[in-house]
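Residue numbers (the numbering used here), protein chains in the order written: chain S, 1 to 232; chain D, 1001 to 1551; chain X, 2001 to 2113.
Fair warning: there could be bad hints in the mix.
[To be verified] Derived CB-CB ranges, DEER-like: (1) S:P191 / D:A1135: 50 to 58 angstroms; (2) X:K2007 / S:A134: 45 to 53 angstroms; (3) D:A1343 / X:G2074: 35 to 43 angstroms; (4) X:K2007 / D:Y1288: 30 to 38 angstroms; (5) S:L122 / D:W1131: 32 to 40 angstroms; (6) X:L2050 / S:A141: 35 to 43 angstroms.
Because the hints were derived from the structure by calculation, they are not lab data.
The C-beta atom is built at its ideal place from N, Cα and C for all residues, glycine as well.
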Amino acid sequence: MFKPASQLVEVRADGAARVAHQFVDADQQHSAAELGMWLFLATEIMFFGAFFLAYLVYREWYPVAFAMGSRQMDVMLGTVNTGVLLTSSLTMALAVRASEMSQRRWMIGLLVATLLLGMVFLGIKGLEYYHKYAEHLVPFAGWTFAPAGEQRTGMMEFFNLYFLMTGLHALHMVAGLVMLALLVIVACRSPLRDSSSIVVHNVGLYWHFVDLVWVYLFPFFYLVSASGSVAM
Amino acid sequence: MNGAVITTRKRNYLNASYTVRSWLLTHDHKRIGLLYLIGVTFFFVIGGLAAAVVRLELMTPRGDLTESETYNKLFTMHGITMTFFFLIPAIPAVLGNFLVPLMLGARDLAFPRLNLLSWYLYMLGGLMTMWAILAGGVDTGWTFYTPYSSTYSNTYVMATAVGVFVAGFSSILTGLNFIVTTHQMRCPGLTWFRLPLFIWSMYAASLIMVLATPVLAAALLLVGLERGLGIGIFDPAMGGDPLLFQHLFWFYAHPAVYIMVLPAFGVISELVACFSRRRPFGYAFIGYSSFAIAILGFLVWGHHMFVSGQSVYAGLIFSLLSFLVAIPSGIKVFNWTATLYKASISWETPMLYAFGFMGLFTMGGLTGLFLACLAIDVHVHDTYFVVAHFHYIMVGGTVMAFLGGIHFWWPKMTGRMYPESWARLSAILIFVGFNLTFFPQFILGYLGMPRRYHIYPEEFQVLNVMSSAGASILGVGYFFPLTYLVWSMFYGAVAPENPFGHTGLEWQTASPPPTDNFEQIPVVTQEAYSFGPDDALRGPSEEVISIVQAS
Amino acid sequence: MSQIKTKVPSLTLNIAVYAALLFLLAVTVWASRTDLGYWNFVAAAGIASLKASLIVLFFMRVYYAKPLIWLASGAGFVWLAILFNLVVSDYLTRSRVQSAPVHETAVYEVPDR
Ligand SMILES: [Cu+2]
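Given the sequences, and given the hints that come with them, work out the whole structure.
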């Protein structure tokens, strides 16, 4: 096994940092920006947490319906999409690394790669949504919901949650893509500064967070066991 | 007095520029604090007017002034405006914005642009809600309970929910800004245990703003999606549970009470220390108890759901945990009292408000224990007993502290003194009016008068008339500060740097402070509240005494 | 102007974390195909949490960060645990109340006034 701490490389970025008037120095500005981002992510965790709570409650109420709903999911597409998103996290992490080592070209390339992978994810997601629509599995907005039988209400709740949670996740992805695009545009126009690496780092944190939400969404919607019981 | 005149001619944050643009696009935390002051005052007046109509209607047992539907909209309007647009931002966004960087010896908050954005979000949310009220109103009560809000109500629930949702982001951003600023921007020498207690309690309140508000956002979003799109997370027809909404809502809304009252504790700690000229007894305990309240406050929300169909076993746990909140609250009240013991107390207006706070908050807190009792709650749930209880906390607590704080820091904010005798008179009027308004409601509730109805049995009329009479006195009491504070901005006596002889960095700079707060970043070498040996005898500065005598 | 010193995790470390994530993805799909009954949910949630920890610690650099960042990144999860625990305590015990024996319920005659 690797020892992570020993893998550190110490880097000194070139170019002067721009320090806003309320800060004493660049270090203070850097720490403030990082802490601010983490607190923002804490609010995001609580926001998504509310929906995960709803998921837990209803999965406990309707174990069979959730297993039946999950069988309607395309595990193949879901797995591929998870892989795409994990890869985009890698390219993002490497982009942050490049920005810290002042490798501007690498950074731009890796950011573009992340952007493209994010778009692939959304494309596949859109395809899946279309399939669900075509199979009459959308329980709201006046569309017909095909499943019948005694598990119907439970399955409605499953698909309500599926569209709600993956939809909000997709919206967050779109926001992340916008941030990435802005970063790319700015990076193409101006040289890297000391202060730019914290911006890339913070966008990276946001991107990894969106990835992290999907890491839970994937097994919770695609992989509910056919045996149907829940650990609660 | 000569020295003071020269002080005001100096460049400060108020006379740095005069254009409307320079105010609306300002990044200065002090100006943003004043913008918030205008906002919260506006919404306080709106919410107060709604309450006035409610109290007028309740003068008689019959519904003769308003229709039942109108009455429902009025109390909803009162509740939503007062909680989300007055009480939540009142102390944090006005006094907190103004004071946090000053008390920390910083030039501004960590994220000034975010701070301005949060004011715009707040105003946007508030105006959307006002629009919803003008367009036809909302009748769900401020709690938006499902399934009424999501399915049955035919009023402007969606627009109101969006307004509250947007304002929630402003609250989140303010809290985030305060936490980062407190961690990263304390001036040299200002260690955690040298911080003023106001900062401790603002920090604890900010934790709640950051961690609880997103859950309210999620709950309101789900109500909106259910109304608009039919994504029925709370809809029994689609397998949902309406009670889940209450869990999510109260996970925010109980801690939200501490967003309102923790900053008030902070103000009171400052006032008690200043006007008894003492370091607060048990400084560290008062600080820790703020954190204890912030954390325990997250564990008790189920006490709002004792009779709603929640499991009795969960009710037991929530009841027990609710009792525990009394411990840190008690620590605070006892420590303030111990600070006052044998101290040389002076009786300026802010201190009158602080005394009012301590008495009224204690009553509000103790009646909260009644409500945390499972069996008693069955009897008084959804009666005027509850209404009286939370008004003792929110009006008797938060509003008293807000007014005390506004008077205390008014010289710093505006560079002018408020007229002392008018201020004392209105503080006394408010205290009397408050008690006459809300004490009868405890009895009404205990006798069984339910909240949210405007038609009631004849035998409740005497107490209701008393309550309405008290409300009119309270209204007059609030009207006075509104007028004389505005008057004092132009004609008040010029304030010295430190009129009340308090410690703390905000008093070490000019009144009003320069845009960058301090000529030089201060270096702290002492504990907070290090009153000198003479301070116990000193009292307020001589300039203030001459001002008081002149007025 | 001062310059910022940053510690940057190496390329190999990033790739190793990525490989571990893909491996865990395979494991979670495999685990869902196997009937573990009660434990299927635990396995899915556990593996997801393992993946999440890898992302938080290494991609998001919390492993190298100051204690304050550890606190800030943990706060959301701790508070979420509060929400989950207390709400679930309601839902898991609610049915016991509903299935309580009914025979103790008394019926009272209400006299006419
Ligand atoms: Cu409560």
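Worksheet item: Should the hint that L122 of chain S and W1131 of chain D are 32 to 40 angstroms apart at their CB atoms be regarded as holding?
Response: The hint (32 to 40 angstroms, Cβ to Cβ) holds, given that L122 of chain S and W1131 of chain D are roughly 34 angstroms apart.
Worksheet item: Lying within 35 to 43 angstroms: is that true of the beta-carbon distance A1343 of chain D to G2074 of chain X?
Response: holds (42 angstroms)
Discussion item. A range of 45 to 53 angstroms was offered for this pair. Does it hold for the Cβ distance of K2007 of chain X and A134 of chain S?
Written reply: holds (51 angstroms)
Practice prompt. Hint says 50 to 58 angstroms; check whether the CB-CB distance for P191 of chain S and A1135 of chain D agrees.
Written response: Roughly 52 angstroms apart at Cβ, these two residues keep to the hinted range, so it holds.
Practice prompt. Go ahead and decide if the range 30 to 38 angstroms is satisfied by the Cβ distance of K2007 of chain X to Y1288 of chain D.
Written response: Distance hint for K2007 of chain X, Y1288 of chain D holds at roughly 34 angstroms.
Worksheet entry | Distance restraint hint 35 to 43 angstroms, applied to the beta-carbon atoms of L2050 of chain X and A141 of chain S | holds (37 angstroms)
Comparing the model with each earlier hint shows no violations; every hint is respected.
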